[in-house]
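Chemist: As a plain string of letters, each chain reads:
2 protein chains.
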Amino acid sequence: MITKNEIRRIRSLHNRKGRDEEQHFIAEGPKIAAELLSSGWPVEKVFALESWIRANPALMRIVNCPVDAINGNELGRISAHPTPNQVLVVAKTFPRHPEIEKPEGINLILDSISDPGNLGTIVRIADWFGVGQIFCSEDTVDIYNPKVIQSSMSSFLRVRVHYCSLLELLSKFRDEIPVYGATIGGQNLYETEKCPDLFLLIGNESRGISPGLKPLIHYNIKIPSYPHAGGQSGAESLNAAIATSVVLAEFRRESDQSSLGDKSSA
Amino acid sequence: MITKNEIRRIRSLHNRKGRDEEQHFIAEGPKIAAELLSSGWPVEKVFALESWIRANPALMRIVNCPVDAINGNELGRISAHPTPNQVLVVAKTFPRHPEIEKPEGINLILDSISDPGNLGTIVRIADWFGVGQIFCSEDTVDIYNPKVIQSSMSSFLRVRVHYCSLLELLSKFRDEIPVYGATIGGQNLYETEKCPDLFLLIGNESRGISPGLKPLIHYNIKIPSYPHAGGQSGAESLNAAIATSVVLAEFRRESDQSSLGDKSSA
Numbered sequence: 001m002i003t004k005n006e007i008r009r010i011r012s013l014h015n016r017k018g019r020d021e022e023q024h025f026i027a028e029g030p031k032i033a034a035e036l037l038s039s040g041w042p043v044e045k046v047f048a049l050e051s052w053i054r055a056n057p058a059l060m061r062i063v064n065c066p067v068d069a070i071n072g073n074e075l076g077r078i079s080a081h082p083t084p085n086q087v088l089v090v091a092k093t094f095p096r097h098p099e100i101e102k103p104e105g106i107n108l109i110l111d112s113i114s115d116p117g118n119l120g121t122i123v124r125i126a127d128w129f130g131v132g133q134i135f136c137s138e139d140t141v142d143i144y145n146p147k148v149i150q151s152s153m154s155s156f157l158r159v160r161v162h163y164c165s166l167l168e169l170l171s172k173f174r175d176e177i178p179v180y181g182a183t184i185g186g187q188n189l190y191e192t193e194k195c196p197d198l199f200l201l202i203g204n205e206s207r208g209i210s211p212g213l214k215p216l217i218h219y220n221i222k223i224p225s226y227p228h229a230g231g232q233s234g235a236e237s238l239n240a241a242i243a244t245s246v247v248l249a250e251f252r253r254e255s256d257q258s259s260l261g262d263k264s265s266a
Numbered sequence: 001m002i003t004k005n006e007i008r009r010i011r012s013l014h015n016r017k018g019r020d021e022e023q024h025f026i027a028e029g030p031k032i033a034a035e036l037l038s039s040g041w042p043v044e045k046v047f048a049l050e051s052w053i054r055a056n057p058a059l060m061r062i063v064n065c066p067v068d069a070i071n072g073n074e075l076g077r078i079s080a081h082p083t084p085n086q087v088l089v090v091a092k093t094f095p096r097h098p099e100i101e102k103p104e105g106i107n108l109i110l111d112s113i114s115d116p117g118n119l120g121t122i123v124r125i126a127d128w129f130g131v132g133q134i135f136c137s138e139d140t141v142d143i144y145n146p147k148v149i150q151s152s153m154s155s156f157l158r159v160r161v162h163y164c165s166l167l168e169l170l171s172k173f174r175d176e177i178p179v180y181g182a183t184i185g186g187q188n189l190y191e192t193e194k195c196p197d198l199f200l201l202i203g204n205e206s207r208g209i210s211p212g213l214k215p216l217i218h219y220n221i222k223i224p225s226y227p228h229a230g231g232q233s234g235a236e237s238l239n240a241a242i243a244t245s246v247v248l249a250e251f252r253r254e255s256d257q258s259s260l261g262d263k264s265s266a
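Those protein sequence lines, which keep their order, are chains A and B. Our numbering puts the first residue of the first sequence at 1, with every later residue one more than the last. Our numbering puts the first residue of the second sequence at 1, with every later residue one more than the last.
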């Protein structure tokens with residue numbers, strides 16, 4: 001059973017304005033719900049079909065919030081998805097603008113990423129490559145957008161996503177931490193010096209990196225492309241998430257190799 | 001002006017059955033239309049807003065098919081997109097089942113990729129890395145699906161996509177051409193021997209590579225993942241398109257390096 005007020009409030013969480021006001025978001029589906037409830041993330045309430053509740057006794061033992069059994073029709077009224085999937089969790093958002101200390105390791109910076117699927121995929125990629133935090137421009141799509149949560153495949157649980165002025169962030173730290181920008185006209189990724197601590201800046205899907213940020217880049221890097229067998233050149237660009245994955249994979253490979261080198265020379 | 005029969009026929013091309021019967025597909029939007037019309041691809045007809053026609057005199061000179069001026073309302077009735085974009089081209093499909101000669105270079109094999117956005121993105125990645133042909137299982141989403149065409153960003157013009165029995169294909173050629181399979185439990189991508197001619201097999205988004213194909217793989221490869229700073233492990237898997245991009249980038253990097261090695265030792 002769910003009240004009209006609850007339906008209204010949960011539907012307000014479908015939008016950024018509602019999430020900002022209520023400081024909560026929704027996550028849907030058995031897989032994400034199970035990971036979220038097991039993760040220790042602060043959760044307010046679970047709405048689920050009776051069948052899902054019965055099928056998850058172990059989760060029911062660890063849940064420390066109310067669990068409401070609702071029917072499929074009610075789930076449809078609060079879900080943000082065209083095909084609601086058994087369970088919807090209302091959880092607490094993290095502050096978007098935390099105090100930022102000097103970042104270490106690989107730090108991802110997203111300049112105006114607008115597609116929710118791209119952001120979710122990038123969060124999943126960051127999670128795979130052990131990148132623990134992402135700094136987004138204020139106009140990047142919201143991490144708590146239901147489509148982002150969905151496409152991140154639970155990786156939002158492990159990767160912190162901050163929103164801030166990228167100009168301020170980079171101006172503050174760029175003397176200590178080099179900035180790599182993925183650009184079409186950059187130098188070959190594989191021939192560029194890599195540093196252990198770094199910022200990797202990825203631009204908007206169609207406009208690329210903002211003109212105001214370009215002067216702050218130390219290394220413009222490009223993923224080499226290859227002509228087809230007949231000599232014809234191919235795609236003009238790669239999708240933002242694809243570029244992120246290839247560059248992160250290479251940063252990790254190189255740092256593995258140099259640490260192997262350290263060991264063998266020791 | 002567009003007739004009711006034309007509207008009915010074009011709407012039938014929104015679905016695979018219609019495309020198979022009519023052997024035509026639709027491509028929409030100014031960017032894809034311009035590339036398609038300049039590419040020499042066989043085109044049947046262009047439907048466009050008067051404003052788009054006036055803005056593209058150079059294209060109008062090279063087009064060798066009828067161009068119909070229609071209004072926004074008519075475009076909405078034939079478009080497969082929620083927000084129709086100025087122009088829709090009806091073009092000829094290539095045969096799905098060509099005679100297959102012995103493949104050379106890097107050949108991508110897609111086993112049951114179901115998401116149109118993933119297939120389109122993979123075609124774009126193949127195009128970037130100069131991979132000229134992709135073999136898909138019969139149940140892989142159709143290359144001429146409007147969402148695939150859209151997300152391939154014109155790369156479908158340069159990458160041939162064949163549909164066939166992957167079991168037959170691999171059984172026929174695997175003695176001559178090694179098969180690499182992207183799997184969670186494989187060996188480190190970076191420590192695996194690479195061959196100049198190869199098949200790269202990518203599995204379904206959730207089920208991975210079919211059990212029937214697994215015995216045909218010579219090298220099971222895995223993209224290494226990395227724990228977070230606190231030691232916590234991250235994402236369970238990477239999206240199929242992401243995995244494709246990282247593996248193709250590495251195959252290309254390695255072959256570049258070995259050809260550099262050849263040159264320096266010559």
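Derived by calculation from the structure, the hints in this document are not laboratory data. Hints may be right or wrong, so weigh each one.
[What the hints assert, rightly or not] Under the rule of at most 27 Å between Cα atoms (straight-line distance), these lysine-lysine pairs were calculated in the BS3-like manner:
1. B/4 x B/102
2. A/147 x A/172
3. B/147 x B/172
4. B/172 x B/194
5. A/194 x B/222
6. A/222 x B/92
7. A/147 x B/147
8. A/31 x A/92
9. A/17 x A/147
10. B/102 x B/172
11. B/102 x A/194
12. A/31 x B/222
13. A/102 x A/4
14. A/17 x A/45
15. B/172 x B/222
16. B/102 x A/222
17. A/45 x A/102
18. B/102 x B/92
19. B/31 x A/222
20. B/17 x B/102
21. A/45 x A/92
[What the hints assert, rightly or not] Covered stretches of chain A, as calculated for chain B (at least 3 residues, CB under 8 Å):
22. 80-90
23. 211-220
We treat Cβ as the ideally placed atom computed from N, Cα and C, and that holds for glycine.
Chemist: Tell me the hint numbers this structure goes against, listed in increasing order.
Modeler: 1, 2, 3, 6, 11, 13, 16, 17, 20, 22, 23
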